[in-house]
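*Asks:* Protein chains in written order, with my numbering: chain G, 164 to 282; chain L, 164 to 282; chain E, 164 to 282; chain Y, 164 to 282.
Please keep in mind that the hints were generated in silico from the structure rather than gathered at the bench. Among the clues, some could well be false.
If several chains are the same, the list does not tell them apart, and a pair holds so long as it fits within one copy or across any two.
Straight-line alpha carbon distances no greater than 20 Å define the calculated DMTMM-like cross-link-like pairs of lysine to aspartate or glutamate that follow [what the hints assert, rightly or not]: (1) K262 / E272; (2) K194 / D241; (3) K167 / D178; (4) K247 / E271.
Number of protein chains: 4
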Amino acid sequence: MEFKKNQTIYKQIADFIYENIMTLKWPVDQKISSVRELAGLLQVNPNTVMRTYSMLQDQGIIYNKRGIGYFVSAGAPDNIETMKRNHFVNVELPEVFKKMNLLKIDIEEVNTIYHNQSK
Amino acid sequence: MEFKKNQTIYKQIADFIYENIMTLKWPVDQKISSVRELAGLLQVNPNTVMRTYSMLQDQGIIYNKRGIGYFVSAGAPDNIETMKRNHFVNVELPEVFKKMNLLKIDIEEVNTIYHNQSK
Amino acid sequence: MEFKKNQTIYKQIADFIYENIMTLKWPVDQKISSVRELAGLLQVNPNTVMRTYSMLQDQGIIYNKRGIGYFVSAGAPDNIETMKRNHFVNVELPEVFKKMNLLKIDIEEVNTIYHNQSK
Amino acid sequence: MEFKKNQTIYKQIADFIYENIMTLKWPVDQKISSVRELAGLLQVNPNTVMRTYSMLQDQGIIYNKRGIGYFVSAGAPDNIETMKRNHFVNVELPEVFKKMNLLKIDIEEVNTIYHNQSK
DNA sequence: GTGGTCTAGACCACC
DNA sequence: GTGGTCTAGACCACA
Numbered sequence: 164m165e166f167k168k169n170q171t172i173y174k175q176i177a178d179f180i181y182e183n184i185m186t187l188k189w190p191v192d193q194k195i196s197s198v199r200e201l202a203g204l205l206q207v208n209p210n211t212v213m214r215t216y217s218m219l220q221d222q223g224i225i226y227n228k229r230g231i232g233y234f235v236s237a238g239a240p241d242n243i244e245t246m247k248r249n250h251f252v253n254v255e256l257p258e259v260f261k262k263m264n265l266l267k268i269d270i271e272e273v274n275t276i277y278h279n280q281s282k
Numbered sequence: 164m165e166f167k168k169n170q171t172i173y174k175q176i177a178d179f180i181y182e183n184i185m186t187l188k189w190p191v192d193q194k195i196s197s198v199r200e201l202a203g204l205l206q207v208n209p210n211t212v213m214r215t216y217s218m219l220q221d222q223g224i225i226y227n228k229r230g231i232g233y234f235v236s237a238g239a240p241d242n243i244e245t246m247k248r249n250h251f252v253n254v255e256l257p258e259v260f261k262k263m264n265l266l267k268i269d270i271e272e273v274n275t276i277y278h279n280q281s282k
Numbered sequence: 164m165e166f167k168k169n170q171t172i173y174k175q176i177a178d179f180i181y182e183n184i185m186t187l188k189w190p191v192d193q194k195i196s197s198v199r200e201l202a203g204l205l206q207v208n209p210n211t212v213m214r215t216y217s218m219l220q221d222q223g224i225i226y227n228k229r230g231i232g233y234f235v236s237a238g239a240p241d242n243i244e245t246m247k248r249n250h251f252v253n254v255e256l257p258e259v260f261k262k263m264n265l266l267k268i269d270i271e272e273v274n275t276i277y278h279n280q281s282k
Numbered sequence: 164m165e166f167k168k169n170q171t172i173y174k175q176i177a178d179f180i181y182e183n184i185m186t187l188k189w190p191v192d193q194k195i196s197s198v199r200e201l202a203g204l205l206q207v208n209p210n211t212v213m214r215t216y217s218m219l220q221d222q223g224i225i226y227n228k229r230g231i232g233y234f235v236s237a238g239a240p241d242n243i244e245t246m247k248r249n250h251f252v253n254v255e256l257p258e259v260f261k262k263m264n265l266l267k268i269d270i271e272e273v274n275t276i277y278h279n280q281s282k
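Based on the provided sequences and hints, a complete structural model is requested.
*Replies:* Okay, structure coming up:
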């Protein structure tokens, strides 16, 4: 896996996990990779993975059974989706709109780009 | 002037200058505030302003006359606008579209939000 | 390491690094000294080394892995050599020739001095 | 007159005067332009010209009659030439040779460039 | 007055 | 441990 340099690695790992959970590749209550396992797979320092897991645990996305490992929480797939959706609609989109204003880019232009790109 | 904590100060100062140049408050070939002056005005260390000015000089936005000060480069207003425009269209928009895909948000929904918000 | 006072320290550090890379003492993809390490070694403030590293990163000579350190870029040895060669041939030599013209010094004389000196 | 940005202005003014004296446009014992006059001509701060004149006076190239102005010293044309010649041969050329060594550029190559350029 | 460089020391996020 | 940013204050050459 390759990481973008403009974002922290542990957050990109979180995105990787989010996607696995949302797409149900990692179903609810299933044990996920151990810290060392995932660190080895992603060629990353175990501390970094640990940091991701801690964050996800704080968010209630995964839970921990001591001595056994981390598991996907009930409701995680839906929670992730609404969390991301809210963030996108309430935080990211307004920023985009604000920038469009500054650059005098019309919403029509964005529509055009969107449709052209998907061809 | 107040600074957001999630972005570096010297880049926020750059944005401040970008806007002054784009809106022609600071016309081409006009001397801009000296390092110390702007530092005093923004309540910031002169080194921080110096860092901004160096970056802008590398970008060709401003130029320097030794012992006199910094001046707005010819073509700077247009260059800033195209630079920002390109970044928005080629970098930011694709990321937005990608996220829309993941969250299964249609372009129509974005249009709706856009028009609602502007009311 | 001692520094000449007629040139800035951070550029002299860059020259030091250029040489280590060109002579392959520091091979491609090898981690180079950390900012603090080199600062201690050269008896210089870490900020000064940081400045050098930033410049070299802009030039593509070194790259950064977050939280780990700086590494020599692929192709860096060749790039440094061609960069220096170009500067010498296109900038420095013409100035020398121009001065020879003013002082009415023949190229033959330069040849003589060159061969005498090397004895 | 235009100034290169990689060298100080007052030294470039000195070069301008050196040339006028060496080519005998400004003969020995002739009064040269006043500080203000030259400053106006070159579009430069009078302090900068003053600095040049001070340096030239220290070098014995020009002398001052109080209340009247600056004059070209006897022997100035020859002195400038030998001064420049010595500096070129003893300081600049060795540096060039040293750089040629580092970049493994042969004296033959320099000869070739020299002859090609003059065509 | 102007920019430019450097030091000393601090704090932060990240690996 | 790593880089990165910022402050405070100093010194210098130059215009």
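*Asks:* Take the hints in turn and mark each one as holding or not.
*Replies:* Evaluation of the provided hints:
no.	hint	verdict
1	K262 / E272	both (13 Å within a copy, 19 Å between copies)
2	K194 / D241	within (18 Å within a copy, 41 Å between copies)
3	K167 / D178	within (12 Å within a copy, 24 Å between copies)
4	K247 / E271	between (25 Å within a copy, 18 Å between copies)
Comparing the model with each numbered hint stated earlier shows that all of them hold.
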